[in-house]
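Trainee: Sequence:
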Amino acid sequence: MHLGEFLQQSVVVLGAAVAVVFLSARLKLPSLVGLTLTGLVIGPSGLGLVESAEEVEVFAEIGVVLLLFIIGLELSVDRLKELGRPFLLGGGAQAVLTVAGAAVLALWWAPSRRAALFAGLVIALSSTAVVLKLYDQRRETRTPQGRAVLGILLFQDFLIVPMIVLTPVLAGTAEASPAELLARFAAALGAIAVVVLAARFGMPAILQALVRVKVRELFVLAGLLSCLALSWFTYSLGFSLALGAFLAGILVSETEYSHQVVADILPFRDVFASVFFISIGMLVDLPFALGRLPALLALTLALVALKAVAAGVAVRLLGYPLRIAVIAGLGLAQIGEFSFVLMEVGRVNGLLDGDGFQTLLAVAVLTLLATPLLIQAAPAVGRRLAGMKGPEPAPGEPGEGLSGHVVVVGYGAGGSLLCRVLGEAGIPFVAVDLDPEAVRRARAAGVPILYGDATRHDILERAGIEHARAVVFKISDLEATRRAVRLVHDLHPGIEIVVRTRAVQEIERLRQAGAQDVVAEEFEAAIEIFDLVLRRFHVPANVIRAQARVLRNEGYRMLRGRTGRVEVSESVIQALAEGTTDHYRIDRRSHAAGRSLRELDLRRATGGASVIAVVRGEQPFVNPSPDLTLEAGDYLVLVGSHPQIERAFELLGGAGAGPPPG
Numbered sequence: 005m006h007l008g009e010f011l012q013q014s015v016v017v018l019g020a021a022v023a024v025v026f027l028s029a030r031l032k033l034p035s036l037v038g039l040t041l042t043g044l045v046i047g048p049s050g051l052g053l054v055e056s057a058e059e060v061e062v063f064a065e066i067g068v069v070l071l072l073f074i075i076g077l078e079l080s081v082d083r084l085k086e087l088g089r090p091f092l093l094g095g096g097a098q099a100v101l102t103v104a105g106a107a108v109l110a111l112w113w114a115p116s117r118r119a120a121l122f123a124g125l126v127i128a129l130s131s132t133a134v135v136l137k138l139y140d141q142r143r144e145t146r147t148p149q150g151r152a153v154l155g156i157l158l159f160q161d162f163l164i165v166p167m168i169v170l171t172p173v174l175a176g177t178a179e180a181s182p183a184e185l186l187a188r189f190a191a192a193l194g195a196i197a198v199v200v201l202a203a204r205f206g207m208p209a210i211l212q213a214l215v216r217v218k219v220r221e222l223f224v225l226a227g228l229l230s231c232l233a234l235s236w237f238t239y240s241l242g243f244s245l246a247l248g249a250f251l252a253g254i255l256v257s258e259t260e261y262s263h264q265v266v267a268d269i270l271p272f273r274d275v276f277a278s279v280f281f282i283s284i285g286m287l288v289d290l291p292f293a294l295g296r297l298p299a300l301l302a303l304t305l306a307l308v309a310l311k312a313v314a315a316g317v318a319v320r321l322l323g324y325p326l327r328i329a330v331i332a333g334l335g336l337a338q339i340g341e342f343s344f345v346l347m348e349v350g351r352v353n354g355l356l357d358g359d360g361f362q363t364l365l366a367v368a369v370l371t372l373l374a375t376p377l378l379i380q381a382a383p384a385v386g387r388r389l390a391g392m393k394g395p396e397p398a399p400g401e402p403g404e405g406l407s408g409h410v411v412v413v414g415y416g417a418g419g420s421l422l423c424r425v426l427g428e429a430g431i432p433f434v435a436v437d438l439d440p441e442a443v444r445r446a447r448a449a450g451v452p453i454l455y456g457d458a459t460r461h462d463i464l465e466r467a468g469i470e471h472a473r474a475v476v477f478k479i480s481d482l483e484a485t486r487r488a489v490r491l492v493h494d495l496h497p498g499i500e501i502v503v504r505t506r507a508v509q510e511i512e513r514l515r516q517a518g519a520q521d522v523v524a525e526e527f528e529a530a531i532e533i534f535d536l537v538l539r540r541f542h543v544p545a546n547v548i549r550a551q552a553r554v555l556r557n558e559g560y561r562m563l564r565g566r567t568g569r570v571e572v573s574e575s576v577i578q579a580l581a582e583g584t585t586d587h588y589r590i591d592r593r594s595h596a597a598g599r600s601l602r603e604l605d606l607r608r609a610t611g612g613a614s615v616i617a618v619v620r621g622e623q624p625f626v627n628p629s630p631d632l633t634l635e636a637g638d639y640l641v642l643v644g645s646h647p648q649i650e651r652a653f654e655l656l657g658g659a660g661a662g663p664p665p666g
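When we follow my numbering, the leftmost residue of the sequence shown carries the number 5, and every step to the right adds one.
Treat the hints loosely; a few may be bogus.
[Stated by the list, open to error] Cβ-Cβ distance ranges computed for the label pairs, FRET-style: (1) Q141 - W113: 47 to 53 Å; (2) R444 - H595: 51 to 57 Å; (3) P48 - G8: 16 to 22 Å; (4) R388 - Q141: 22 to 28 Å.
Keep in mind that the hints were calculated from the coordinates and are not lab data. Since the structure is predicted, the reported quantities are computational estimates derived from the model, not experimental observations. For each residue, glycine too, the CB sits at the ideal point set by N, CA and C.
Take these sequences, add in the hints, and give me the full structure.
Mentor: Right, dumping it as structure tokens:
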């Protein structure tokens, strides 16, 4: 392709992407649906505005790579360790069930049993890029269904290699024993492990050296290099490009510079990911699909149902309740982007003819188009099916006989910390969680915890909600949180309901559902920074607490205002303008230990700061004598302007401490 033709097609593709994303935002539709349809319209079999889709596929592959790189950046090694059971048990069960069921279904149209088995392999893969993007938009990546789905998707990404290796053997174009296949796969995994270990120990030092240069372009190039280099390495071993990008993102996420890398790479990811969805639409032969539309729709419905059931059964095997299994199953009910790679290998090896390739391709596109709708409808479908089944079994009655206790919904990092604090304070509590592994570990540690779904009436009753004093929600599932809050409010209108949320837009909805206190992580971080800055300027603690109460008043309304104006209390302004008091605790290493106030002479040394009181144990010395010798453990009460107190802290030996006792 000449440069002029390439630029012309690039203009058409990017122009269409801009128009589609704009219209999708105005119509509140998922952009990936519009982008895929755009590819159908402008592609070779549509209006022909882009005559060849092969060149666009290069951009599409880069888009998938960058998307998985960003997803890896937002994870961590510690979090991946938690996905052991979803990865092995959930992913293995989903793959076996889907391949078997899809192969049987494919006998209806496949020319041979081998071709039907190959079709089952293609259908077994779901879309990591689409599902995780939608889950991230819905803030569900840390929910129970998010953990299960992520583990299964990662297992599918690892499956692409043995599937590609098996395809020529299945087609009869190559021969290899099971031992040889296993050896090749193990060697590839070993090579990846060596590179990952080397990069994990070397990556922080490399990034730190680049940061010291203070050239932003160099940092961006290094981030892209790590992504593309590991992608190329895994691809050369027979794995997918996206797997290498995902591993690169995980490695960079372990460094302190991951957030800056995300900010620099994000614009590239969005551009190429948009081109990816357009390119998928371009590959479809539109006349072929329209001529067989009823049969394709029927096949799509059958495959969506098959994949949803298979994935749902796999999630149930992990110990999750039916509602979560249904949500996860519908989320994994599409045919993924890596299936297109496998389909091309199958076509080259003769397992798919032209019609078979286009049939699978059209069905895959239809399932991708349906994915946003399926994920959106999944919570309602899950509730309905779980209600029809009846109450979930819940071993043990941790809330039986309790009164005036606290119910903690969610036993993650924050929930477990809260339970530990409540236990140490002697406050009775019951925890509720949907993660079977978390429940098992908590019970082994003697924590009163109930396995169950807090959106169900019977689970809340087992937690003793009608006799509880307060309930705290620390879960990431927004839709489940809203339903559970409303249910708790209906069961016990007088109970104190405290909710933590990451979504600012959920504050009003949760309050309307019955929550008295909604803690928004984003705004609490802003208030914490506000607190730290004012403390740095030695504003009195009571003044800071009063201002924080003002900011939290009425659900952070001032912080959420369109004008962005925040009403600062008069006391804060006055303290900043006039100076203030602060406390300093003397330790053994302090310059002041063993010296008298006269020897220190802080007023002269700082230009005006003075000690107005010394607190020793429980004994205060107001207007202390200049001859008072200071001891380790004494608290000095200083008064002066902000620069004067700063200078006093430096002379005394560093940062101060909290207020004196009493």
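Trainee: Look at each hint and say if it fits the structure.
Mentor: Structure-based check of each hint:
no., hint, result
1, Q141 - W113: 47 to 53 Å, "violated (35 Å)"
2, R444 - H595: 51 to 57 Å, "holds (54 Å)"
3, P48 - G8: 16 to 22 Å, "holds (19 Å)"
4, R388 - Q141: 22 to 28 Å, "holds (24 Å)"
Going down the numbered hints, you'll see the structure goes against just number 1.
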